[in-house]
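**Q** Order-wise, the sequence lines are chains A and B.
Anchor point for the first sequence: position 36 equals 36 in the numbering used here, and the numbering is continuous, going up by one each time.
Take the position in the second sequence, starting the count at 1, then add 239; the result is the number in the numbering used here.
All clues stand as given, with none of them false.
Which residues of chain B face chain A? A partial, calculated answer using Cβ under 8 Å:
#1 279
#2 290
#3 298
#4 336
#5 338
#6 341
#7 347
From chain B, some residues computed to sit far from chain A (all C-beta separations above 10 Å):
#8 256
#9 257
#10 260
#11 319
These are computed hints drawn from the structure, not numbers from a lab.
The beta carbon of each residue, even a glycine, is placed where N, CA and C say it ideally should be.
Listed below are the residues making up each chain.
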Amino acid sequence: MTEIWVYLSAQPLLWLTLTLAIYLLAVFLHRKSGGLPAVNPVLISVSILVALLLATGTPYQRYFDGAQFVHFLLGPTTVALAVPLHAQLKRLLAMSGPLLIALVVGSLVAGLSAYVIGAWLGASAPTLASLAPKSVTTPIAMGIAERLGGLASLTAVFVILTGIFGAIFATGILRCLGVKDEASVGFAMGLASHGIGTARAFQLSEQTGAFAALAMGINGLFTALTLPWLLPMLAPLLR
Amino acid sequence: MIAALATLLAFQLAGEALRAALHLPVPGPVIGMALLLVWLVIRRGPGEPLRHTSGTLLQNLSLMFVPAGTGVMLHMGRLADEAWPIAIALVASTVLGIVAAGLTLHRLTRHQEDAQ
Numbered sequence: 001m002t003e004i005w006v007y008l009s010a011q012p013l014l015w016l017t018l019t020l021a022i023y024l025l026a027v028f029l030h031r032k033s034g035g036l037p038a039v040n041p042v043l044i045s046v047s048i049l050v051a052l053l054l055a056t057g058t059p060y061q062r063y064f065d066g067a068q069f070v071h072f073l074l075g076p077t078t079v080a081l082a083v084p085l086h087a088q089l090k091r092l093l094a095m096s097g098p099l100l101i102a103l104v105v106g107s108l109v110a111g112l113s114a115y116v117i118g119a120w121l122g123a124s125a126p127t128l129a130s131l132a133p134k135s136v137t138t139p140i141a142m143g144i145a146e147r148l149g150g151l152a153s154l155t156a157v158f159v160i161l162t163g164i165f166g167a168i169f170a171t172g173i174l175r176c177l178g179v180k181d182e183a184s185v186g187f188a189m190g191l192a193s194h195g196i197g198t199a200r201a202f203q204l205s206e207q208t209g210a211f212a213a214l215a216m217g218i219n220g221l222f223t224a225l226t227l228p229w230l231l232p233m234l235a236p237l238l239r
Numbered sequence: 240m241i242a243a244l245a246t247l248l249a250f251q252l253a254g255e256a257l258r259a260a261l262h263l264p265v266p267g268p269v270i271g272m273a274l275l276l277v278w279l280v281i282r283r284g285p286g287e288p289l290r291h292t293s294g295t296l297l298q299n300l301s302l303m304f305v306p307a308g309t310g311v312m313l314h315m316g317r318l319a320d321e322a323w324p325i326a327i328a329l330v331a332s333t334v335l336g337i338v339a340a341g342l343t344l345h346r347l348t349r350h351q352e353d354a355q
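Bound conformation, chain A alone (with noise of 0.2 Å):
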């Protein structure tokens, strides 16, 4: 028993096919529950994935050998997103001027505001310019972070909690503010929660998803033109 566990952690096999086999129990509990927000299945996977790597001593690199192949995917999968976004592109075009206002004001405060609060908490300067781009999509995110003296896989990590988090709480907070038009709702999701905001808002309707799609990318784009130089002129302010 213990020469075969052995034998078969090593393989990338056996973590790829965990990943998948985890993630399809966090779907099947996901739609047990009726859809609820809280039953994220990315919050399920990575903590049953997390106990699991813990509990039997595997190192992190051992089990990325093999869940590469999951995470090589999700570039293809962001190109595909031009698909539902050419869907929707007339209404996104006759509703280019707020989409951009919108853009503007939703990315500094995301942005800005994570760096302001974390900075008046008293965290320290790699933490916070880890923090700062946690609304865009891992690649920049990552790419940000590193030109602001961030550590790149911190970011990732605070980019999907923070992903986790508006999946799970953005719907319910724009329903508090009378705000439910699948416009508003998708865009905001994928603005301030990227793909994973992204990925719930497909599952409300592919309109909601469209305008996340959209918020993403451009979001993505925004923040990694404003915020290398911006945040740099705003850190000796707080200090």
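Add chain B to chain A, keeping to what the hints say.
**A** Below, chain B without anything else, positioned relative to chain A:
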């Protein structure tokens, strides 16, 4: 399905190439998404295989965040040391971002939606 996957990968590759050549601050897949969108406008929409494969991938977008998310185990120490500043900054700024973006768009488009 293979043709659709090849299309997606080809646009990702084009995006990566463009990023490297022009030193763009945006990752290759996001540029690939923009290029594919332009292509779809020219072609007047995706073919059925691309529509189907994209739909399948996007329905499982959550899955693709699991491997990176599991990386949380590497940062348990820092997360524990700075738990409160991190948790408050992350939650508060995300709520503010959601409210700012959602309310702005809602207020600006309310009249437009009403008119429809």
